[in-house]
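Undergrad: What follows is the residue order along each chain.
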Amino acid sequence: MTQKVYIAEVADLPLKMGLEVKNGAESIAVFKLSDTEIYAIGNICPHAGGPLADGMVSGKEVICPLHSLHLNLVTGQPITEDDLEDVPVYETAIEAGKFYIMV
Amino acid sequence: MSERLVVIGNGMAGIRAVENVLQCNPDLFEITIIGDENYPAYNRILLSEVLEKQMDWPDIITNNEAWYDENNVRLINHDPAVAIDRTQQLVTTASGQVVPYDQLVLATGSYPFVLPVPGHTLTNVVAFRTINDGKYMQRLAQQGASIAVIGGGLLGLEAAAGLVDQGASVSVIELAPWLMATQLDETAAKLLQKDLEARGLKFYLGAQTKSILGDESGKVKGLQFDNGEVIDVQMVVMSLGIRPETAIAKAAGLKVDRGIQVDDFMRTSDSRIYAIGECMEHAGACIGTVAPSYVQAKIVADVLCGEPTEPFREVQETIELKVPGIDLISAGHIKENDQVKSIIAMDEVNNAYKRIFVKDGIVCGEILYGDVSDGNRYFGMIKHQEDIQEYQATALLYNGQADDGNDVASMPLDEIVCGCNGVTKGTILDAIREKDLTSVEGVGKATRAGTSCGKCKPVIEALLKLELGDKAEGMHEVMCDCTTLSYEAIIKAIKENHWLTSAEVRAGLNWLNPDGCDKCRPAINYYLNMLFPGEHKEEVSARWANERYLANIQNDGTFSVIPRMIAGRTTPEQLIKIAKVAEKFHVPMIKVVNASRIGLYGIRKEDLPKVWHELDMDSGEAYEKTAIREIKTCVGKDWCRFGNINTETLAEKLDVAFAGIDTPHKVKLGITACPRNCSEVLTKDFGVIGIDGGYQLYIGGNNGTQVVAASLLDVVETEDEIMTYFGAYLQWYREHGHYGERTFKVVQRAGVDNVIAMLKDESQRNAYLERGEIAKKAYRDYRNGLEPWQARLQDETTLKALYTVVDITGRTVKEGQ
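Protein chains in written order, with my numbering: chain B, 1 to 103; chain W, 1001 to 1817.
Next comes chain W alone, as it looks inside the complex (with noise of 0.2 Å):
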């Protein structure tokens, strides 16, 4: 019979044991593990990227309940161990079941340092652990509600803009004179502030919290200072720091200091039990971060497995902050002191900040801030313990390369990519040669390289690029889980095999569900419309509601109606139709929106299709999530003193030619008549500014939960070279966007110097606008050359499929007999 290993703790270091024991040998053991939490195992590391909303929470479960059963392993969840028996071998659960071990693993992690004042156990006060934690902050945040984050290390300022970015207002609280205080210096800390102050979060610093204020019910209403002073809150997140998981091993008598004591070999004080990761303290130290945990349970089953193995020694690592827009980096020792010394160097026309640390003519530590595309070769140099006596100051701030972040041809094959898991370059390219990989999912599959914290990817897209050359150009995305094709790889199978069906699509490219997902189905339906207008039939079901519907849902179930008003501009008989419509079917919010529209709100579904008939306006797609939203324009030189150009024929001309063409995800257009830019072009899909005599055109901009400044795309001096370039430019985007991604992003992945090299060039841009045209021909027949709600409402079945509600109050069997 094999021996039982059980493993206390379903975190990332315990799985991980698991997997490499898994790995050695799979039938060595019978093996369980008992876990606290009520999920299957997932990446901790990126929950601040879930509260964000970068991931949603299946995202990041790295094994799923499946994964337990097809590797054996038995699984005791949201049942915590709550008493180890050495003496009979015998671990004991909350709920009373009893595992006997023949070899023990203890990874129980760590809990979060709580400060003790006064009020610190109300309803509201919580620590950003868990999955439940973020839900929890998730749905106070979307409610907008007023948080105090204590703390303002990593951890505090990852979920403090997450929670920002979900809609709370925050204010971070920290007793140190400046934020990350055992990372950075002042000077990067302090740029760091203001760009996380643009962001609106707001910071208390050295402040120390007196006590956290409750009401009645007990929940919290407010914080209060040291001095005295109160600011209103409704949730407290305590970010302070980790404390080791350590009761269960205290209880049985191990050997426990700050952490549960071990050896080299990750041996606590019973031969049989091991501790890993969070919870244990090695040498006098704890970890608190991810790659010394998996170098340990790597050694763990090492050891457990009867392999040769390395005793454990500290993992120099780099810290970076995961907050989207911000570039950060901190590794080694950063206090100057009498041997420490620091070469600085401040650009503040690009608000980038380094300074390296320098021991004995040695490189010692590093932050970079604001430019971070240097941060590997210092650590490179941190860790070989580069001597840099003969550098001028200059050569080594400066490595006279291209400052692309992706310098990945000069950088040494022992060189760590991936510090979570410690994967070199050498490593990711021999996998991709042997394995022969074309996806950063598959790199990652074959070496683990980027599949913990994420920040990685883009070096490991890169190396692909010089490995593979173009062949592994846009070769990284896989559609979704239902298959292992990427986005271009299908487009690809789909052209070839003329399909014009999803189901075909499904079955011919064997989809591993053959109903299709959430992500696959509406993008497949996007991808057959584009490649085949006219000839594919739009599959509704396909669609979410608000294309489904032609109009969007608002939060109560009710949907708003937004006809179209080109630029902004209406007339008498607009208004007044529009305030007929009101009046009957007493909508109860009218709004002028942000796109220069009206939106009437509170519409009940059943009564889209006679809203729309009373209305006799065209629809404008503002429902739509892919297809063009709104030309946002100014009034332009017609009225405005400073306009340089008519902006509303031009916007007139763009929108009558490219309305109701389904595109990956919206696109948005500004036009301005002068660089005063009132319009806000500079943020927009497509944007044009008047300047005396011509045009300035921008491409790839974006005002969502990124913001990206546009490129300047050309020059031009008429409207019709403006119609040419933006016909060629939406078409690039609908052959080569991955659906569901706005063009600041295919732009980015494509090369923004590349595309304009390409919209210039004036074969390709025929190309694009041959293809183009074809699809607005297609568009305009399918519809009988309607708009989309007059072509609705002539389409009965569709009608009644999508807009009946069945009443049945006071209905019996017999009716319908």
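Isolated chain B, as found in the complex (with noise of 0.2 Å):
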């Protein structure tokens, strides 16, 4: 079953760059395009499993920092290689200031 999980203060994540999310064996990506556009996926590049938070963002995709693959953040899609995995995408929620992931 999926919880509502606090993440961070909206205003404390770094803008147009990614967060790495730890939770137990998982690790998720935050991304934080505007204070009201917020993406989580999943940290670990499927191409060689390189951590996307630590990835450029580019308009709506994040550009692996290992060998450029091209994701999608908000549907988790491979665009450069089309042989690959999706990466899981996480339903997010911004209350009041706080940002929370479901998880």
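There are no misleading hints in this set.
With a Cα cut of at most 20 Å, we get these calculated DMTMM-like pairs of lysine to aspartate or glutamate:
{"no.": "1", "chain 1": "W", "residue 1": "1610", "chain 2": "B", "residue 2": "20"}
{"no.": "2", "chain 1": "B", "residue 1": "16", "chain 2": "W", "residue 2": "1796"}
{"no.": "3", "chain 1": "W", "residue 1": "1800", "chain 2": "B", "residue 2": "35"}
{"no.": "4", "chain 1": "B", "residue 1": "22", "chain 2": "W", "residue 2": "1556"}
{"no.": "5", "chain 1": "W", "residue 1": "1383", "chain 2": "W", "residue 2": "1314"}
{"no.": "6", "chain 1": "B", "residue 1": "16", "chain 2": "W", "residue 2": "1518"}
A short, non-exhaustive set of chain W residues, derived as facing chain B with CB atoms under 8 Å:
{"no.": "7", "residue": "1517"}
{"no.": "8", "residue": "1557"}
{"no.": "9", "residue": "1807"}
It should be emphasised that the hints constitute simulated quantities derived from the structure, not laboratory data. Every residue, glycine too, gets a C-beta built ideally from N, C-alpha and C.
Assemble the dimeric complex from its two separately framed chains, guided by the hints.
TA: Laid out in structure tokens, this is it:
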């Protein structure tokens, strides 16, 4: 069952960069594009395991820091390779300046 | 209602036919393209460049999804056509879709010939023909696999060179006694072989493959030759030529021999069906290159649109190997016999070879290796069947003009510049004049020249320079897809408008993508730093991981910390500090790196600030793609019995003066105390060789994917002169380099003689030096005189934003509320 978990204050999330969130063995990358637009996807690149939270954001894409695979932040889909798995996408919530993820 | 045009095949011929039809009359047909692969149309010729990492997959897509939408072309992709019903005029696809047609164009291309030896069906036996083949090969190569390429022809060698560059060890197996046997003679082939061997390729010539050996899991483990010899390989790439893909045409009862039979206007035996490209056979000949395919695509479009057109005739072409650093051209008839004789010139000093074939006094073929600057001149002679009986042999072999390959002024107007697309010098010049073009890309968009294999781009650039003079200089490279402006235009606009943030630049120049992309974001951040040092606030989100975190990211997502160790010199105190930190943080790997420093590998991002704090050493910018990286030095005259100069004090002076300044790409220096060159300075961005009584200074060397020998700038007598020269050169590079471009490319672009003359001119040198000094001061002020790690440790906001990992294990919603 999923539950809503507090991550951080929206104001504290880095802008147009990733934040790595650990939940047990799970690793999640959070990207704030603006104070009202925040995405959370799996942090592990499906190509070679790169940490997506350390990648550069370009529009609604993140580019893996290891081999430059582009992934869609909204759908978790790899863009520049076609035979790779999507990364998971997490539901998010912004309430009273606080940011939550459903995990 | 408009007629229905169906094209089977989304390759280069099929898409070009559709483009031609649309250009002629966009409303004439309702167009459907049926494709087999999972990609929109792409430039297959450039696959090997992708393999060599010269380009990336998205770069070779020629028509993206949006193109199909905008032009109202329906694309049925990844769903091959499997049957044609000629009486009902229907095409059926693998998934069962039925597509009716009024006119049908077959552009089904070809398939690679696979040697039917035992083991050819094993996993890891591939033909290099599609993007998916390429991706698969790339992945294995990057793991350092041993790969056998069967076939020493053009494509086989391009693939093999690409695989070696990616890290594989590659053996090329060829049945013929020498490489590219249909295009080269033995002499040229041996020169080629030697150059490729120097890059690490291994050759088995005159060798026949008996079988491919597999392991229990069905994967390749080796290859056996006819003589019983076995080599260990994990992959086999077959590159043995192509066969026309005719299955669907044959099944539909069309006339097929080797290829689908067509007349002079590309019509098959059914008057509603046409065939173009590698699947067709015309007058007993099949084709395997793009230039005739494009001619056919134009003919079929003209016929479909009711335009007058010329009948198809054999297209004369030159063959060029697309491997960086290797120049060869072959064209026309290149075998000697009773009527065909040849004139040969071998320049063993420069490893250049020319052989011109002549039949009845007329040039009929050419083979050039090493120096191909005359390739176009000979090819013109072949096409025009020029009678050369009046020529002296030497006049034929040497045209007596500047040997820069860009002698475009003397080129006749009807000479073809772009062989793939059949575009002449005259057409390009007309387009430049009529459409005010200033860039190679612009010429490509207007004429298609340079858009296929890309080999002719330098000639197009030379034509632009010829036509526009200074106006064309450097105007050719557009920064990225977000804009149509060149680097130079963007830098000029930033300077004039005094913009101080990337967002202002993008808004001010009407960026197509208002957020910017991964190409322009770091570039603009750099140019703002360069133009307004101290005023522009560094934008960390526009930085790649290394420059953002001030550490090198490793393949498992951890980082390395490599402290500054000027000239590779260290002390017991430093070594003790490093040892203590390594123990405390359980550093899994400590290595003396190539740049004469000690690296600590496997450090977690969140530990970086703690490691820097404990180390209390300076950052050497080892992580920077965009700063001075290393100054490699020998021990110099303090110790070495051959040393002429003191290398370490010079290295320290340079390091202290220039460390931490942003550059377009990394800058590597080398200082060596004598011409024995132990520090390998001739392939550095800036090199110093100590000689008796002075210093030789070198610029523009490189030792990466391309190896380039540096050029001698000057010989000086004092260290101060070196500081002056280097300061001016560095600032020139900072101002003129395109972001991500090493010095050698910028030097080549500007012309090495021009750069040297500019640096030797005192007033120009001083002007660069002065701007460089302002930048140096601004960088130091920006970090309050601190080196990057210490400055970052004091910047709590950035520290928190970048090096935090949030652990929510066991956390519930209540926390934080």
